[in-house]
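Same order as they appear, the protein sequences are chains A and B.
1 is the number of the first residue of the first sequence in the working numbering; add one for each residue after it.
1 is the number of the first residue of the second sequence in the working numbering; add one for each residue after it.
These aren't lab readings, by the way, just hints derived from the structure by calculation.
Check before you lean on any hint, since a few could be wrong.
[Said to hold, decoys possible] Distance condition first, Cα-Cα at most 35 Å in a straight line; then the derived DSBU-like pairs of lysine-lysine:
| hint | chain 1 | residue 1 | chain 2 | residue 2 |
| --- | --- | --- | --- | --- |
| 1 | A | 17 | B | 462 |
| 2 | A | 60 | B | 25 |
| 3 | A | 213 | B | 275 |
| 4 | A | 117 | A | 60 |
| 5 | B | 25 | A | 17 |
| 6 | A | 213 | B | 25 |
| 7 | B | 462 | B | 525 |
| 8 | B | 461 | B | 525 |
| 9 | B | 540 | B | 462 |
| 10 | A | 60 | A | 110 |
| 11 | A | 301 | B | 462 |
| 12 | A | 245 | A | 60 |
[Stated by the list, open to error] To give an idea of the interface, some chain A residues facing chain B are shown, with a C-beta separation under 8 Å as derived from the structure:
| hint | residue |
| --- | --- |
| 13 | 160 |
| 14 | 219 |
| 15 | 220 |
| 16 | 262 |
Idealized CB from N, CA, C, for every residue including glycine.
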Amino acid sequence: MKQPFPFSAIVGQDDMKLAMILTAVDPSIGGVLVFGDRGTGKSTAVRALAALLPPITAVKGCPVNAARPADCPEWAGLESDELHDIPTPVIDLPLGASEDRVTGALDIEKALVSGEKAFQPGLLARANRGYLYIDEVNLLEDHIVDLLLDVAQSGENVVEREGLSIRHPARFVLVGSGNPEEGELRPQLLDRFGISVDVSSPDTVDERVEVLKRRDAFDNDNAAFMVRWRAEDGMIRDQILKARKTLRELTTGDAILRDVAELCIALGSDGLRGELALLKAARAYAAYRDDTALTRTHIRKVAPLALRHRLRRDPLDDAGTGVRVERIVENILA
Amino acid sequence: MTKDAATPVWAHARLALRMIAADPKGLGGILLRSRAGPVRDAFLSLLPPATRRLHPAIEDDQLFGGIDFDATLASGTLVRSRGLAADEGLLILGMAERATPALAARLARLLDTADATAIVALDEGIDDEAPPPTLSDRLAFHIDLNDLPYRGLAQLEPVPATRVAPARLGPEDIEQIAHIAEAFGVTSVRAGCFAMRAAQINAALSGRDRVDSTDIEIAVALVLIPRATRIPQTEEEDQTEPDTPPPDTGDDDADQGNSDQNDRLPDDMLIEAAKALLPPDFLDKLAARHQRSGAGNGSGATKSGNRRGRPLPSRAGRLGGQARLDLIATLRAAAPWQRIRRQSRPDRAGVIIHPNDIHLRRYDEKSDRLLVFVVDASGSAALTRLAEAKGAVELMLAAAYARRDHVALVAFRGETAEVLLPPTRSLARTKRELAGLPGGGATPLALGLKEALSLADMAKKKGMLPTIALLTDGRANIALDGTPGRDQAGADATRMAQQLRVSGADAIVIDMGRRPENQLCELAKVMGGTYLALPMASAKTISTAVTTALDI
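Pulled out of the complex, with its shape left as it was, chain A reads as follows (with noise of 0.2 Å):
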């Protein structure tokens, strides 16, 4: 295996790593979108976030790595209730991935050989507690983005064909990637993402200089590298450990609450999904500054994040969606 680039070397792109950090410290955030060219490091940054993600409990053998023995799946059938650390699972759902392959099917070598009705689980089941990686999702099939929108709502992944009725725990942080160019994410699904992200190509050429320098030095000067920015990234995850600790006695007041949905209704934001992503990618970044309260620096932050996907497209409207919600943010939070 190619040893992954690591998350903090990589340069700029800070809304990218600040949102995935986000869904690491709470992961009810509901999912990152990923929007922009080739070459700009998304996969780069999904492919570092194992490495960066600090390691969960698990039964040792359980298909959903469950955090207790009780919350083992019956089919999984498991005798031992042994727990062991394992790196927080970061799954490639790959495009063109077959339904079964997805949900989990019946085990159809274990049929056809010894005749038994068992089930093997797919990849919703391996990606539970984890993340969900899809690069161009965009492209996905619409049969495969349905199944995962009725899994990432109920958290529960229901299997029910080939007279198998199974169903597991499947609770996920959904990242997708893709290049708007080559087609449209579907608005339920990307209603479905707490939080969404442009990337764009680094403009100046300072920064692109820096970028192919720590390519180089990751290339050929490795070990050296990989020490000074393993430390950066042992850091991130101390960090993002204290900030889960910190998010439970994060005080919000209601003036701040307020404020939230007074700008999801001047935002003409559809449902609540706004105002709760907003809240909670709030509540996260000040839990990740290790501050103790809510303010508006934290909500005049993250609101292009938390929203921007959200606003009813205006096709006749020129200006990103982006700058639209800066300029509501600054009217609202004046």
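Mind docking chain B on chain A? Use the hints.
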């Protein structure tokens, strides 16, 4: 390496191959654009013998390994097959332009994670066919052998496959590569990384331990130039920039630094040299590249797939990849033979299933619709009409996802008709490409319809259902051959309309003139489509009218 002046392209191709062999992990591979022929065969004969070949329809099991059903069923124990990707080395992807985005995504993941796998993608595409960008962006070298004559190809012996450690490169080299990438409008950072790596490997292969300007020149020619999106404007800005790096590097390398700087070509000289490598029809190709649809793979949507839609009766077939087993049908097929099979295999318990019993599920799937707007950009009201048509396109696209529509826009004026927007579903792309629209002139209706017809045919080949919406306010006055004259023009338009009818595309004619024009009504009849008189139509009314008329 460029000494062989007669065939620098060939020398570059050889060199690229050598570099890939030397560092498969760092460089990813080669995208070779070339039709099948002796030149390509000559190139392929340079490859090391142990290469594996993929085809675009390859299934996951074959690529990444899986269960070998035939062997498993025959032996009664689980037999796994080894995928092609399991071993390291060179993979050749034939007909890369037909690769689906799904395959590209898998290969991209393979390149991102595997240790020493490189891919040579053979792109046999014509015109706007191209491999999925996800894949091509991850292959360092893009080489075009299409214009290379076979005569006079030298050095046909296989390239030596020696692994080398990359040479060192200084910060000023990195800056130079970044500047050149910027100058040629190469936005992908990955390309910059590849250029850097290529320079290092080239230096190492030439026995140097430090990158010098010939290496950078090679890297620029092989990696950056094929990805160029603009011709650099050198004169004004580069006078100031290249002067900055030398002063701060001088003291690092003391004596070695001096000789380096003597060798070093300034950025603008390198850029000038690189500019000479751009193909002469670069701008045309650039325009063509912009029109290329990213999601297209040319292979077409399958109408009866095996994954979604209305269920169809299942059919015998091989299990693997995307196919889903129909267990009941399989058992049903196996049932009558159980007694006979048991006699030959008394030791086996349970149902004995043979590979030819396997039945697969099939589903009937609806295909996407392509809506081609054919807009009359002639005459005085052209600008408003075009603007409203553009608005209608965008409105339809904003709701397109739910309806699975693709939209294209053809405008005709003066003596030409052109495709302003090739079939797309992307609002972002539409906005960019429809930014400026020309207008005014005569009405070559037949030409517009002809262009629409070719789009419709192409769409049909890709498995979409084409529909044509014609927006005009007047009668044709330019014939197919570009000569003025109402009679000939009218006859040509009718002829094209007949062809449209034959092609089976749905049609709608929207008459935007102040008074309904009888000839357009006739034309609609010939096309077998609907005629709508909508004087002063706006973007909203057009999109509503089209939606309701076609009952999408």
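Results of checking the hints against the structure:
Between residue 17(A) and residue 462(B) the alpha-carbon distance is near 39 Å, which puts this suggested pair outside the 35 Å criterion. The suggested pairing of residue 60(A) with residue 25(B) holds, with an alpha-carbon distance near 34 Å, which does not exceed 35 Å. Distance hint between residue 213(A) and residue 275(B) is fulfilled; the C-alpha atoms sit about 25 Å from each other, no more than 35 Å. Taking the CA atoms of residue 117(A) and residue 60(A), the gap is near 23 Å; set against the 35 Å cutoff, the hint holds.
Between residue 25(B) and residue 17(A), the direct Cα distance comes to roughly 26 Å. Compliance with the 35 Å bound is thereby established for this hinted pair. A distance of roughly 18 Å separates the Cα atoms of residue 213(A) and residue 25(B); the hinted pair therefore holds under the 35 Å criterion. Simply put, residue 462(B) and residue 525(B) have alpha-carbon atoms about 27 Å apart, close enough for the 35 Å limit, and the pair holds. Pair hint residue 461(B) plus residue 525(B) holds up; C-alpha atoms about 26 Å apart against a cutoff of 35 Å.
Distance restraint check for residue 540(B) and residue 462(B): the Cα-Cα separation of roughly 29 Å lies within the 35 Å cut-off, and the hinted pair is therefore satisfied. For the suggested pair residue 60(A) and residue 110(A), the alpha carbons sit about 22 Å apart, so the restraint of at most 35 Å is met. Distance hint between residue 301(A) and residue 462(B) is unfulfilled; the C-alpha atoms sit about 45 Å from each other, more than 35 Å. A C-alpha spacing of about 26 Å is found between residue 245(A) and residue 60(A), which places the hinted pair at or below 35 Å, so the restraint holds.
Using the Cβ-Cβ criterion of 8 Å, the hint placing residue 160(A) at the interface with chain B is not satisfied: the shortest such distance is roughly 14 Å. Interface hint status for residue 219(A): upheld, as the beta-carbon distance to the closest one in chain B is roughly 6 Å, under 8 Å. Using the Cβ-Cβ criterion of 8 Å, the hint placing residue 220(A) at the interface with chain B is satisfied: the shortest such distance is roughly 6 Å. Because the smallest distance between the Cβ of residue 262(A) and any Cβ of chain B comes to about 27 Å, over 8 Å, the interface hint for this residue is violated.
The structure fails to meet hints 1, 11, 13 and 16 from the earlier list, while all remaining hints are met.
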